[in-house]
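Engineer: Sequence:
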Amino acid sequence: MAMTLNAIAFQSPKRPSFALPPLPTTRRSPTLCMASSLRSASKDVETVKKPLSPPREVHVQVTHSMPPEKVEIFKSLEGWAEDNLLVHLKPVEKCWQPQDFLPDPSSDGFHDQVKELRERAKEIPDEYFVVLVGDMVTEEALPTYQTMINTLDGVRDETGASPTPWAVWTRAWTAEENRHGDLLNKYLYLSGRVDMKQIEKTIQYLIGSGMDPRTENNPYLGFIYTSFQERATFVSHGNTARLAREHGDMKLAQICGTIAADEKRHETAYTKITEKLFEIDPDATVLAFADMMRKKIAMPAHLMYDGRDDNLFDNFSAVAQRLGIYTAKDYADILEHLVKRWQVSQLKGLSAEGLEAQDYVCSLPPRIRKLQERAQTRAKQGPRIPFSWIHDREVQL
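Residues in the sequence shown are numbered from 1 upward in steps of one, following the numbering used here.
It is possible that some hints are incorrect.
Subject to a maximum C-alpha distance of 20 Å in a straight line, what follows is the list of computed EDC-like cross-link-like pairs (lysine to aspartate or glutamate) [unchecked claim]:
#1 Lys201 - Glu336
#2 Lys70 - Glu353
#3 Lys340 - Asp283
#4 Lys70 - Asp153
#5 Lys296 - Glu246
#6 Lys295 - Glu353
#7 Lys75 - Glu279
#8 Lys370 - Asp310
#9 Lys197 - Asp310
#10 Lys186 - Asp104
#11 Lys380 - Glu394
#12 Lys370 - Asp333
#13 Lys122 - Glu246
#14 Lys272 - Glu394
#15 Lys186 - Glu279
#16 Lys276 - Asp153
#17 Lys370 - Asp359
#18 Lys251 - Asp182
#19 Lys90 - Asp104
#20 Lys186 - Asp100
#21 Lys197 - Asp182
#22 Lys90 - Asp153
Note that these hints are calculated values from the structure, not bench results.
Bear in mind the structure is a predicted one, so any value in this text is a computation, not a measurement.
Take the sequences, apply the hints, and build the full model.
Structural biologist: Below is the structure:
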């Protein structure tokens, strides 16, 4: 993810970020390896080389920013979570499984089914496969996301098999999400359109690199992040479903649409948690909301790398933006949706800092849209570059 020496990182108009409004910025230097993030605009970026990490930039790591007494709020919400959060999980026996959408390897017609799948895939352009691979790689880095949630104070799974509702939710959410990458991975393998070894290397690099959501072990920040991200993945998978239909592959459209439906259900759960926090602790919650939006919501795969392209995430994001899979407009729309969903403009009894945060988040969506419109008028057609995921065939950014 591109980075500047301040707390706000925007992308250039030619290469918009998958999660950020595309505005001018400094391009990442490929010599920067494993650095950490800025807590404030005055702090310099640190660069620390790690032998197993690709060239990348993260922020100075801030940890345990939530006051210890706030942990008791989440302990007190365990009963609420039992009744209101776990209802958004489905029993395993009622869940779809990847095999429901794929050729049956035990069937006599397996080879014919694979041939049909590959024939449909031939009609889909390379640029679509770049985005579909990027989405699949993002889903396959699930171990990182479970790890991230288990960094959050007051809600983490303390033992690996904790019976608390927070821990049960995290494990079961992970189990449901695990089907997404599994299904997309198998589809791409059978399609014959992609370089699976390069994709597998990208997944290994990404899981090894982790992610830098800047949530500071703080569940106020963490649940705002997950609320935003689940809606973003719902939008992205929904749009890949739409394009698959346009390209005539109804089975692939069904696959992407089914994954999108899962993401929507998970979004509902995470936004419900944050809604509860606004109800019982509005000041701290609106401050957390403003904090996350000032930092910008980084997509979970922003440290993506394939062993070759130091700007792989930016390039993948540019293709997604051009195809309308996930755009700066979507970013603003998601923010506006959450502001309305949580009724942020109607919060009462806030501190002076809380009022400032309230005004900031409520006024941000139109500001983002205005900046995006200006950037679009200056945007030039992107270059064509090779993607290792599709055997180095070139795609326009």
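Engineer: If a hint holds in the structure, say so; if it doesn't, say that too.
Structural biologist: Here is what the structure says about each hint:
1. Lys201 - Glu336: The hint is violated at about 37 Å.
2. Lys70 - Glu353: Holds, because 18 Å separates the two Cα atoms, which is no more than 20 Å.
3. Lys340 - Asp283: Holds. Lys340 to Asp283 sits at ~17 Å (cutoff 20 Å).
4. Lys70 - Asp153: Holds. Lys70 to Asp153 sits at ~9 Å (cutoff 20 Å).
5. Lys296 - Glu246: The given pair, whose Cα atoms are some 32 Å apart, is violated under the 20 Å limit.
6. Lys295 - Glu353: Between Lys295 and Glu353 the Cα gap is close to 17 Å, so the pair holds against 20 Å.
7. Lys75 - Glu279: Holds, because 16 Å separates the two Cα atoms, which is no more than 20 Å.
8. Lys370 - Asp310: violated (30 Å)
9. Lys197 - Asp310: OK: Lys197 and Asp310 at ~18 Å, within 20 Å.
10. Lys186 - Asp104: holds (12 Å)
11. Lys380 - Glu394: holds (18 Å)
12. Lys370 - Asp333: With Cα atoms ~13 Å apart, Lys370 and Asp333 stay inside 20 Å; holds.
13. Lys122 - Glu246: holds (14 Å)
14. Lys272 - Glu394: With a Cα-Cα distance of about 43 Å, the restraint between Lys272 and Glu394 is violated, given a limit of 20 Å.
15. Lys186 - Glu279: At roughly 43 Å apart (the allowed maximum being 20 Å), Glu279 and Lys186 break the hint.
16. Lys276 - Asp153: holds (17 Å)
17. Lys370 - Asp359: holds (17 Å)
18. Lys251 - Asp182: holds (16 Å)
19. Lys90 - Asp104: violated (24 Å)
20. Lys186 - Asp100: holds (12 Å)
21. Lys197 - Asp182: holds (16 Å)
22. Lys90 - Asp153: violated (26 Å)
Hint violations for this structure: numbers 1, 5, 8, 14, 15, 19 and 22, all remaining hints satisfied.
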